[in-house]
Each structure stands twice: as C-alpha cells, then as structure tokens.
Amino acid sequence: MEHDPFKWGRPDNATYGDYDYRISNAKNTEFPSMHTQQPIVTGTSVIAIKYKNGIVMAADNLGSYGSLARFSNIERLIPVGKDTVVGISGDISDLQYIERALDELEVENDYDGASHPFKANHIHEYLNKLLYQRRSKLNPLWNAVVVAGINSDNEPFLAHNDLLGVQFSSPTLATGFGAHLAIPLLRKVADKEEDVAHVTKEQAREAILQSMKVLFYRDARSSNRFSLVTIDKDTGISFEKDLKVENMSWKYAETIKGYGNLQKF
Amino acid sequence: MFRNNYDSDAVTFSPTGRLFQVEYALEAIKQGSAAVGLTSKNNAVLVALKRNAEDLGSYHKKVIKIDDHLAIVLAGLAPDARVLSNFLRTKAMESKMLFNRPISIQKAANLLADKAQQNTQSYGSRPYGVGLLIIGYDESGSHLFEFQPSGNVLKYKANAIGARSQGAKTFLEKNFESFDDLNDAELIKNGVEALRQTLKDSELSTSNTTIAIVGKDGLKIYEDEDVEPFLEQVTVEEEGGDDDAQDGSGDERMEEDGAAQ
Numbered sequence: 001m002e003h004d005p006f007k008w009g010r011p012d013n014a015t016y017g018d019y020d021y022r023i024s025n026a027k028n029t030e031f032p033s034m035h036t037q038q039p040i041v042t043g044t045s046v047i048a049i050k051y052k053n054g055i056v057m058a059a060d061n062l063g064s065y066g067s068l069a070r071f072s073n074i075e076r077l078i079p080v081g082k083d084t085v086v087g088i089s090g091d092i093s094d095l096q097y098i099e100r101a102l103d104e105l106e107v108e109n110d111y112d113g114a115s116h117p118f119k120a121n122h123i124h125e126y127l128n129k130l131l132y133q134r135r136s137k138l139n140p141l142w143n144a145v146v147v148a149g150i151n152s153d154n155e156p157f158l159a160h161n162d163l164l165g166v167q168f169s170s171p172t173l174a175t176g177f178g179a180h181l182a183i184p185l186l187r188k189v190a191d192k193e194e195d196v197a198h199v200t201k202e203q204a205r206e207a208i209l210q211s212m213k214v215l216f217y218r219d220a221r222s223s224n225r226f227s228l229v230t231i232d233k234d235t236g237i238s239f240e241k242d243l244k245v246e247n248m249s250w251k252y253a254e255t256i257k258g259y260g261n262l263q264k265f
Numbered sequence: 266m267f268r269n270n271y272d273s274d275a276v277t278f279s280p281t282g283r284l285f286q287v288e289y290a291l292e293a294i295k296q297g298s299a300a301v302g303l304t305s306k307n308n309a310v311l312v313a314l315k316r317n318a319e320d321l322g323s324y325h326k327k328v329i330k331i332d333d334h335l336a337i338v339l340a341g342l343a344p345d346a347r348v349l350s351n352f353l354r355t356k357a358m359e360s361k362m363l364f365n366r367p368i369s370i371q372k373a374a375n376l377l378a379d380k381a382q383q384n385t386q387s388y389g390s391r392p393y394g395v396g397l398l399i400i401g402y403d404e405s406g407s408h409l410f411e412f413q414p415s416g417n418v419l420k421y422k423a424n425a426i427g428a429r430s431q432g433a434k435t436f437l438e439k440n441f442e443s444f445d446d447l448n449d450a451e452l453i454k455n456g457v458e459a460l461r462q463t464l465k466d467s468e469l470s471t472s473n474t475t476i477a478i479v480g481k482d483g484l485k486i487y488e489d490e491d492v493e494p495f496l497e498q499v500t501v502e503e504e505g506g507d508d509d510a511q512d513g514s515g516d517e518r519m520e521e522d523g524a525a526q
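Chains as they are written, first to last, in this note's numbering: chain A, 1 to 265; chain B, 266 to 526.
Next up, chain B with everything else stripped away, as it sits in the complex:
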C-alpha cells in the first residue's frame, strides 16, 4: 500500500522538492470557515462566517483586534491563531513604546511570516495550522495581507480564505476594480456579498456574521445585532433590483458551489 515517507517531520524535503507537513498545514486552513478581506483607497474590511460547534454552544470568534489600526481574521486552528495574535499584540505594543508610532502593516505581516517560516525549518516543530487575513491602516494607507503557515505573506486588494472561499474569490476577482473609490458602507456591502458566495445550505445571520472595518478613524468590529444593518442592506438590494447586473450573480453562485464540493 502507498505510504508517504516524507511527511513525518516538517523539515525533510520529498524527492520532488515538497514539504508535506507544510502542505498539510495549508489544508487545515480550508477546514476553517470562510473569511473575506477587501480594500478601498481609504478602508480595509473583513467579513467572516462564524461557526458554532453545536446549537447550544457559542460561536467561535473569528476577528481578533491587534491594535487600534490593525486586526486579523483566522481560518483554521483557532488556538494557533491565538499564539500568533498574542505575539503580534506584543510587537504592536513594542512599536508604540519604543518609537511612539503604530506598527506598520507591512512590518506586522513580515513578523508573522518570519515566525511561521522558523517552524518549517526546525526539527520537532509543526507549522501553524491557521491562515490569516491581516487588515490595517497606516501612514501609507489601507492594507490587506494574507498570511500562510508556509511563511508566505502576500499583499492583496481583495482575498478570501477558508472553506469554499473560491466562490468569494470569484466574486472579488470580478468586482475588485471598482473597490478603490467605494465608501465604507459600500465596501462592507461587497464584502458581505462575497462571503455569501461561500454559503451552501445556510444563510448569513446576525449570529454567524462578523464584520471589521479599519480606516483613518481606527478599527471598528461589528458582531451580533450590530451587523444587522449591513445584512439588511444587501438583502433589500437583492429583492429590489433583480435586473441589476451585479445581482445577476445568483445563478453563478450555484455553479461555484457545485465546483467547490
């Protein structure tokens, strides 16, 4: 029977040049619920789908505030994300203390990348089983980064991670060129719409949706009843404007869902 001999630790290459443990870690991200991130010129937004293990239990927190100008959303192993967010909070405080300036988003992303990379090159450790989207606003504007356990960090205009995120990605690829000039509410609307493309049998509700937006006035995280206005906004437009080109994506959504299974 086939057995993979090159995946028992994170530091050994396979003969084809792959690190299987790192690739498995990337799979762990896809087990997590979906999260969407997108940017305009003045804002960066996260919209994420929260999960609860059982009906009687609470929903798992997806968005973690790092600083007044910086937040992350996670997909994958939540405890691993906590380690990373604690680390990043420490670094954000360090920047405030030493230089009296908020940490730059690029720097924050690079610090996470370096930390994750170490785990792919030291014997006896495992890569982090979590992917992150990092949003923030600093002196050079709004930013969105994707963090992967492989140590990759890339800058994006819009991106999605987690289960069935391909649907959201397709939506974003189709629409991202119009995002730059959107105001905060319109950007969130696009984020909610993108997240909706990842759903199969469920609906977005106040209990399973979380929204975060960051701009020059700081970070705001919306949970529970506070997300209702944003959900309503999207629902109303869908009902009212069936002829609208953007809302014609309903059929396509089904296709995407089919492909993601």
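If we strip away everything but chain A, and leave its shape as in the complex, we get:
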C-alpha cells in the first residue's frame, strides 16, 4: 500500500505495477445497454368516439420509418377478450410487446375458468400500471394507447394512456396528430358525456370516417388504408379491415386563400 499522503491507501506500484491509466481514460461511447431514446418504426393517430350503445374506433395500417412509408400492413387495433379493443399509436415494436403482454394476460386469466373475463376498465388499469412502471425505469414503452370497450358495469368505456403513464377518459379520444385534427370534428358529434346518449352508431361511424379522411389529407405520416372497429354492448366487437378513405377531392384549390406569406390580415 502507498503511504505517501497524496496517494495514501492506493496499491503500491512496486508491488502491483503501474496503474493502467487506460482504465480511467476509457471512452464512454459504447454503452453496455441502452434504453429507448426515440421511437423507430411508428404508427400515427388512433381515433375513437363513444355513441349511445358503444364505441367506434379507427387507426390506419401504416408503419412509418421516419418519413418513409415502410410497412403498409400494420394492424394497430388489438382485440383483448370479448369486449375490449386496444388501439395503439407510436413505436411498433413496443406495440408488439404490449400485444404479447395482453395475450399472455388473457391466457393466464383463462386458467382459472372463463367466468371472470377482463373488462375494458381492467385492461386499461393494467396498461396504465405497465406504462408507468416502464417510464419509472426510464425505459418507456413509446406509445399512446386508447382502450375502448365495455366496462364491468356493462357500459361503454373509453380511456387514454401514454408513455408517461398519464391516463384520462373522454367521450372522444385521439392520439398524436389526431388530437389536433380529429378531436374538433368528433366533438361536433359528442362534446360532453351527456351528449353520448343522443349519438347513434351511424353518426359515430360517419364522424370517424370523416376524421380519417381529414387525417389522410393533412397528416404526412398517414395512409388511406385503415381498420375500423365497432364495440357495441349488445352485439359485441365487429371489425372492418382494409377500409379505404373514400370521396376525396384533389381538385386545384383555386378559391382557397390564406396560406403562408400570402396571408391577409
């Protein structure tokens, strides 16, 4: 041991050889492991609206790699049990992780007989705990999740959950760009919880189709192919896959004014 007051307690060079300064100068560029810093392949908005007897929800089938439209067949509406569908936007690999977690959950629950199926509010609670746990490990699942379905009181249930563990509920929900573009359109149909009682399935579906069209017009990370799901408390889940945005108009917008530096005050 060194007895020099400035080196006291360190291994003696005469005994152990010189200290290898490469150790303290080692570059810190290669991490032993790395947490998610950003999403890689992403899915854009999920939009949903409540109606009198249930919920209509939609999400397109695109997986974007940055601005590249990389995958065109990603299904982002995931059914869980008989009356819940989870719509996921954000990182697609994390979407697949959540998909596996929910599948495992369902299988484990069925071991104890089918008499206690998970309802939408249970799935929402679980996802919230999962997402919050991961953000607390500083390794978030990079998603925004909409849980739609029927709750344990047999009422329509719609709630939002995201990578920070934030959760809230509303008669209309949208993630990502949809929160800016689709929500105002959907709120014209159902603004408050009281309004839901007067909304029909057809009105809700029409509002969702209209919103998907607007999103395809204006969201550069969207596609015109999408899935739509209706969860009705009487008839259950009905999926419509491979839908296309219809009745678009790509005419020259000669009468439209007010963009960019031509804007008049």
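No false leads were slipped in.
Here are the simulated lysine-lysine pairs, DSS-like style, with alpha carbons at most 27 Å apart: (1) A/LYS213 - A/LYS188; (2) A/LYS82 - B/LYS372; (3) A/LYS188 - A/LYS52; (4) B/LYS420 - B/LYS295; (5) B/LYS422 - B/LYS439; (6) B/LYS481 - A/LYS82; (7) B/LYS315 - B/LYS330; (8) B/LYS295 - B/LYS422; (9) A/LYS52 - A/LYS241; (10) A/LYS82 - B/LYS356; (11) A/LYS233 - B/LYS481; (12) A/LYS233 - B/LYS361; (13) B/LYS422 - B/LYS356; (14) B/LYS434 - B/LYS420; (15) A/LYS201 - A/LYS52; (16) A/LYS241 - A/LYS188; (17) A/LYS82 - B/LYS361; (18) B/LYS372 - A/LYS129; (19) B/LYS454 - B/LYS485; (20) B/LYS481 - B/LYS454; (21) B/LYS330 - B/LYS380; (22) A/LYS137 - B/LYS356; (23) B/LYS361 - A/LYS129; (24) B/LYS356 - A/LYS129; (25) B/LYS372 - B/LYS481; (26) B/LYS356 - B/LYS330; (27) B/LYS361 - B/LYS485; (28) B/LYS454 - B/LYS439; (29) B/LYS361 - A/LYS137; (30) A/LYS188 - A/LYS244; (31) B/LYS434 - B/LYS485; (32) B/LYS326 - B/LYS315; (33) B/LYS372 - B/LYS434.
Facing chain B, according to a computed beta carbon distance under 7 Å, are these residues of chain A, among others: (34) ASP112; (35) GLY113; (36) SER115; (37) TYR126; (38) LYS129.
Quick caveat, the hints were computed from the structure, so don't treat them as lab data. Computed from a predicted structure; not experimentally measured. Glycine included, each C-beta is placed from N, C-alpha and C at the ideal position.
Place chain B on chain A using the hints.
For chain B alone, kept in the frame of chain A given last:
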C-alpha cells in the same frame, strides 16, 4: 414390529400409490376445532367453534379476513394458516393494484391449491397442516371452497371441517337444498345449528363462537357479544317449537356424536 418405510418424506410414493405425509397432514385438520361453511344464492356464511388452550387464555382466532369480499376459516395448525392468509392477502392486493378489481374467489382458491401442491412434490418440505374453508362474493355470486393440504380445492354448497365435523355435514346434507333462497339471518341460523351438531359436552357461547357472512355488501365478522343474537335465535326456536320437523334432530345429534368418537 410394523414400521412404515414410506412416510419419512412428502415426495415418496408407497407401493400402493399413497403419499403418507400428505395423509398425515389431512389428519391434522381433524385435530382442529370444527368450522362450518354454507352458501345461499346471495350470501356465504362461516360459523366456527373457537378453542382456548386454558381457561385463563384467550380463544384462538378462527376466521381471517382476506379482503372486503373474501374470508377464510381454519382447522388445524394456525401458524400454517397465517402463512397462507398472508399469501392470499398479497394476491388480493395485487389484483386490486394491477386490475382495479377484487380477486375472484375461484382464483384465490386455485392459488392456494397450487401453493399447497408444491409442498407435496418437493424434497425437504412438508405439506401444510391446515384445512381451510374459503367464502367470498364476486361478480359470479357467492362461493364456498374447501382447501386441503393435498392441493385439492373443491367448490361446495355447504361443508364442514375439523373435529367431529361429520355431525355438521350430516345436518347440512339433509338441509342444503333449502339454503339457496334463505336470507342472511336464516342462513347464519342454519350454520349455527350445523355447528351445534359437532358439540359433545360443551355449549355454543358468545366467547367460543365466531360467525362471518359475505354478500354483495361486503364481509362482516361477528365475535363475542355480537354473536349473541344469532345464538339466542336458535335457542328460542328450539324451546318454542319441539314439534317442528327440523328441530326433531335432537336425538339424531346424539347418534352422530356416538359415531364420531
């Protein structure tokens, strides 16, 4: 002299296919004082006989609350039951935390069964020396399960475990078909009556009787002076209605006691 070579651990089968340690564990249940469980459509009830080791000592707790909708009663080694109830409480909390829903009674019973079964298949461990009746109320209604250290869990309409429980079982077998539509007080009355069939020289009193009932409004456990109304109810009916068919079981009770000895 005869010596059993196949009971020195819990994992070795005898040539006749028996696990003696597990069977001995089932015997431990019969050393415990009696407990009765019964269900109606809307309620599940436990009635149990508490024991005190000596007159100066307190009575041993029989009914353990697991959650607002779930309780167990034990017969056998009480410390083993504490291990199981702590485990079950943890699982009940886990269900509330992860899913915001109370644990289902079936799930709770299966978890206990799996835990007990492990001890019958691992070297160096012993089976739990305690039997349990599990009552609870969940979205699929009221439930009663019997748990055994062998890892068996069975669903019952009514059942009894512990010392001289055969008397109670006979009473329950005779009457269970009428239980479905009974209200809470009537169901408890039948439970007290069933427990009374297990007695030999003693009487049910406020200090040795414990009652638990669970329904859609949650779990209620009655101890000490709170059980008095239920004991009185039964006593009064017995005195007042000797001609009543149900109360004619007095003679039979003696027979049962004779058989149980």
